[in-house]
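With chain E fixed as given, assemble chains P, R and F onto it according to the hints.
Residue numbers (this note's numbering), protein chains in the order written: chain E, 18 to 393; chain P, 18 to 393; chain R, 18 to 393; chain F, 18 to 393.
FYI, nobody ran anything at the bench for these hints, they're computed from the structure. Some clues are possibly wrong.
Identical chains share a label here; the pair holds if one copy fits it or two copies do between them.
[Said to hold, decoys possible] With a straight-line Cα cutoff of 35 Å, these simulated DSBU-like cross-link-like pairs (lysine-lysine) come out:
| hint | residue 1 | residue 2 |
| --- | --- | --- |
| 1 | K49 | K331 |
| 2 | K285 | K331 |
| 3 | K331 | K47 |
| 4 | K90 | K285 |
| 5 | K90 | K49 |
| 6 | K84 | K331 |
| 7 | K84 | K47 |
| 8 | K331 | K90 |
Number of protein chains: 4
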Amino acid sequence: MKVQRVDMFVCPSATPADVSGLQALADAGKIKPDSLVALVGKTDGTGYHDDWGRVWADAALRDWTAKFLGVPKDDVAKHVIFVLSGGCPGVITPHIAAVTREWVDGQPGKEKRLAVGRAGSDAIAPEEVGRMGMIRKVASATHAAMKDAAIEDPKDVHLVMVKVPGLTVASVADAESRGHTVVSHDLTFGPEGAGSYANDGAALGVAMALGEVPESRLTDEVVRRDWDLYSEVAMTSSGGEKRHGEVVVFGNSAASVSPLVIGHSVTKDFIDAQGVRNALRSAGLKFNGGLPDEKDLDRLVHLFAKSVIPGTDKIRDQHITLLDDHDAYHIGKALGGMLIASVTGRTTNYVSGGERNSHQGPPGGNIVAAVVRADA
Amino acid sequence: MKVQRVDMFVCPSATPADVSGLQALADAGKIKPDSLVALVGKTDGTGYHDDWGRVWADAALRDWTAKFLGVPKDDVAKHVIFVLSGGCPGVITPHIAAVTREWVDGQPGKEKRLAVGRAGSDAIAPEEVGRMGMIRKVASATHAAMKDAAIEDPKDVHLVMVKVPGLTVASVADAESRGHTVVSHDLTFGPEGAGSYANDGAALGVAMALGEVPESRLTDEVVRRDWDLYSEVAMTSSGGEKRHGEVVVFGNSAASVSPLVIGHSVTKDFIDAQGVRNALRSAGLKFNGGLPDEKDLDRLVHLFAKSVIPGTDKIRDQHITLLDDHDAYHIGKALGGMLIASVTGRTTNYVSGGERNSHQGPPGGNIVAAVVRADA
Amino acid sequence: MKVQRVDMFVCPSATPADVSGLQALADAGKIKPDSLVALVGKTDGTGYHDDWGRVWADAALRDWTAKFLGVPKDDVAKHVIFVLSGGCPGVITPHIAAVTREWVDGQPGKEKRLAVGRAGSDAIAPEEVGRMGMIRKVASATHAAMKDAAIEDPKDVHLVMVKVPGLTVASVADAESRGHTVVSHDLTFGPEGAGSYANDGAALGVAMALGEVPESRLTDEVVRRDWDLYSEVAMTSSGGEKRHGEVVVFGNSAASVSPLVIGHSVTKDFIDAQGVRNALRSAGLKFNGGLPDEKDLDRLVHLFAKSVIPGTDKIRDQHITLLDDHDAYHIGKALGGMLIASVTGRTTNYVSGGERNSHQGPPGGNIVAAVVRADA
Amino acid sequence: MKVQRVDMFVCPSATPADVSGLQALADAGKIKPDSLVALVGKTDGTGYHDDWGRVWADAALRDWTAKFLGVPKDDVAKHVIFVLSGGCPGVITPHIAAVTREWVDGQPGKEKRLAVGRAGSDAIAPEEVGRMGMIRKVASATHAAMKDAAIEDPKDVHLVMVKVPGLTVASVADAESRGHTVVSHDLTFGPEGAGSYANDGAALGVAMALGEVPESRLTDEVVRRDWDLYSEVAMTSSGGEKRHGEVVVFGNSAASVSPLVIGHSVTKDFIDAQGVRNALRSAGLKFNGGLPDEKDLDRLVHLFAKSVIPGTDKIRDQHITLLDDHDAYHIGKALGGMLIASVTGRTTNYVSGGERNSHQGPPGGNIVAAVVRADA
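Only chain E is shown next, with the shape it has when bound in the complex:
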């Protein structure tokens, strides 16, 4: 039978347009045109709306990938999913992680190993953004991506990256011209912003697909209202230019002979280093009450974390002023980077976030997923 062999390579980026790491992987035969399935990275820059670092990185990586695959630039998205998160404040090293998957002859192993699957959703109309329409379509696509990954048990899913359409001036006008309402006229990622609704609709779609939230509890009204409903594995983003959702599922499957394993956990609050350690344990690092040692950490290939900032001004009953900080978005992301780096002993971690409140992770806490090299 055919089984998948998934690998992941992390390349630091000297500048947003730095493709030298990818080129070296290509030259070494580690990534091939038909094995590259995703590029996931943090791009140098502020992460704010006028951060051209992310835009430049996207342009440069798309150019490189088009040449590498031998396809027109506009076709790159059909072959390779790009998840580029802007903003590397503090101790987050800009980097690109290349995810590859090859199908090889083999037998299901005793241990489940890293598997990856992808799927596109049906078209999501502007009036569906941040509402049940989006939730259901993302849920379906999540199921399709699980199937593509050869993962059956939702418990084996440890990370789901989703990109969905947001709202734009044009798409709002389109919906309203057809007699529909939209979830918000605020097109930002603020607390009532359409971007936030889109991201959170996508997260609830994942939660529905994986049974983290029963469908019966999901309605338009719970989105960005009932924070007790959430996914522990969904990392989502949205963009006005998209018409469909894209879903990439990472999990463990018996039908994989990857040298890698993935696990995840959540932090219980914003300063919970134990949650980060739990994610490492979930992926198979075998330290106990204490701390991973260097040998353990050498096996860590990559770590993905959200750093959503708390919706309240208290952490463990103590007052913090983060919500009043004009730069809370920037600082919130930076703080997540420190929490992770102080546990992993390295700064090359994928940490996105900065937004306030989300269905991505529990109230006040955050998602952490770790990919490690399987124990020999």
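Using the frame of chain E, we list chains P, R and F on its own:
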């Protein structure tokens, strides 16, 4: 004989002008007009130059203290030392720690306990700021403060807070009119700023007093040049309005019957949580390879840390972009707050910093001092 | 008969707590406990949510005023209206303008002169915020304040400062517990924020009272949707702690013997210096096609302007990037300050703003009101 | 005889990498490979150190120009000078101005018209940066560029754009290894930063060449000390990667048949709109005491201005808080943009600045140069 009984009380501040915590301590008899020796705190606000939160806090605390002591406002500084550090980004709870010292009849104990001592320095001329003149005068004052604290062995000193004169337009003109040069015409806290030179001259003064750096290695030229010379216990600040240095020494002394003990350590780099744990151990928390548990942490009274940002763009050989960040000062302080909070499990920690490079702590690393309730 | 004599004194503030200018006015007999009707000022600081400069100024001014009036601090608001706008970026000098009104024996003059009137509105429920309920109550209060100012013709009204209740977590819960909806769950001043709806509801209330917008065109739905409806004279703010609206009307009345006259105009877009000059002309400065000269400007007592930033990314068909700027709020206010200062030749102008889109002024343009010393 | 025909075309940029405007000019034959001498522009982004917009613009423009000229990318700088200034806060439209020069048969005209000349300087060693070495070499290159522009009288020079080497860690080490000192170890553009010294050394070089400052008054000590020495026409920048200075002189010459004329003036302080109007008059717009009308402004082709922020906290004796603002650099540039736009009635102006104090322009004031279409 008379021995000292030192105590420390940490009050969260709801606003910069919030003196309710201090008033409650006064009402409960925990702080008395003749026992209050220092108020050390983090004030709500941005910490930038136009952060009025710090200024308002200073005014409000000085008003309250004058009434509490029954002295004119301008005399408060003769009785109580104020160390107010502005800026509580991220997970740093605004707070004021009141330090008290009573002299009681008693005998030297078996165990050394928290002692505190204070001293003023000789007047420091503008031409001495950031140079050997300042270094020597701070060193003398540090010795005097140790004596006041009844601490003989420099190894028993775990935290020295110093305030020294900086430079102003007027004091620069004064020095130059008398034929002297000054260390810098840049009056900021930038890399060649007079504020940075003043802070670092003070730190080297402490290092000289404690034998951390031999006097023979100290010259005007090493200040902000030779980063291998540093103190592990000096936390310094400077202000243009001052003419003398002020030194507060915290350490352990056999001539103290305080219920508290202090210890310290340093982080080896910016993400080194182990350094924070080492500080807790140094103060007497008895966890081993692993982590302090809740019972240990209950004994923690307060923690003081610097968060100087690294002078290079690498941490453990990985590139970071912090030095290029317009908000590095703000974020650097916030990151220190997270490193500490993720270990102490609380956000009410004294964390100052954000500046780039310092003789306060080793290159790339930072000072952490912990005060704990002595084991019963 | 009794006629009013209104005066206005502008005091620069060295710090947020600086009351020396007011004290000097009091010492000189220019302001008296029973003549002081309003303090309107710009306070030193960033103007962001954690700008303690504004809070400190409010506390210090309220303290001073309580002593000056001989009333308890909590009663100050019954006697003197405070309008303190935080944030003095760029070329806006922090200052306080004291407005006084005395009733003296006299006769209506040939020329209408500066008059001021005040009124409180009925209580505004949370469910009315940003909706017709607020609009109607502010309109009524505006009529009452006009009456208090002895102004009959709406054309004689040139500036209406309004403070209204905003929404808070508590007031939203209150409204919902009584079965009502609220205008937004976003409690910020963002594009769909309750603060913006409150401010704009208040502006439309003024517009309705003055006939700038016919009542027939006003519905809940037009607020922050139909930007063609606006007031040319309303400057509004909102705060969660308030339950009633407060309205201060400035205009010209025959029943005033003030040495001052007020006028206003609007800018047609964000760079329209001509609109500023028109406001000066409206108040009686007599320059023609060209520019006010120094003699004219000497007669200028004070200038009040909004600096709402445009809702689009084009000015006179050219693209600007302001809407994408993380600091647009700060910069937008600063830019208004420059536009005004470059015409008035001074930096001590009241300029508030930074928000995006408003019913305070026409789409893309802003309100400018000028108070000048009447021609001898 | 051969005379020059200089032209200037201003293209708005939709993104940093937008070359469509240049391509349209090329397609229309308005710019040709052998006529293009300089690209001068403002690039979209924050203008801070981590603004990748400027870097991306440079890369994209260099790519396009290499293809347009048919030369290798690394040779572009030999043919076309790039002056890209990052940061378009507020009302500054991102744009690129293409400067062309053709040599055509003709006769010197009655009226002097726009001429442009270029020259490289001798290599500038790190120990010369910001000192007399740099000043003299820039002065020589300015003379060479005047000759290239066929301008003899320094009074005919209205704008000199200069790029010089700054200092880097490596070049400082190089100088010190050879026994030299450097002007500063602060590699920033702060008040004592090497970047500021480099820019100001270059400005004084221009001032020396044009006789604005007599050579006898120039020493190492006056740089960034004696602000009474300055150029009215020098706009300078510096970069660590450079080894030589580059000078572009814009002025008017009888040996030019350009349809354009250039003029300049300075503002006397930060809010001096009259200085901007004077620059327009200097270039030939013929309005009197008042204001340019639309017909005048139609003739304006482009405007170049600095917006150096004042070194003091007073403007016309009124206190401003700009120097204490963390974002002073950003806001200072934005304010210059507003001052210019409010006079020119357009936002597509070249405005660079934000730094504090400079020998580019008089103390507190700024340089403004205008290029207009000559009166028919």
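Here's how the hints hold up against the structure:
1. Only between protomers do K49 and K331 lie at most 35 Å apart by alpha-carbon distance; the minimum there is 31 Å, versus 49 Å within a single protomer.
2. For the identical chains of this complex, K285 and K331 are neighbours both inside a copy (13 Å) and across copies (30 Å), given an alpha-carbon limit of 35 Å.
3. For the homomeric pair K331 and K47, the shortest alpha-carbon distance between copies (27 Å) is at most 35 Å, but the shortest distance inside one copy (47 Å) is not.
4. For the identical chains of this complex, K90 and K285 are neighbours neither inside a copy (42 Å) nor across copies (44 Å), given an alpha-carbon limit of 35 Å.
5. When the C-alpha separation of K90 and K49 is checked against a cutoff of 35 Å, the pair qualifies both within a copy, at 17 Å, and between copies, at 30 Å.
6. In this assembly of identical chains, K84 and K331 lie within 35 Å of each other by CA distance solely across copies; the values are 32 Å between and 50 Å within a copy.
7. Proximity of K84 to K47 under the C-alpha cut-off of 35 Å is found in both arrangements, the shortest distances being 17 Å within a copy and 34 Å between copies.
8. In the homo-oligomer, the alpha carbons of K331 and K90 lie at most 35 Å apart only across protomers (31 Å), although the nearest pairing inside one protomer, at 47 Å, exceeds that limit.
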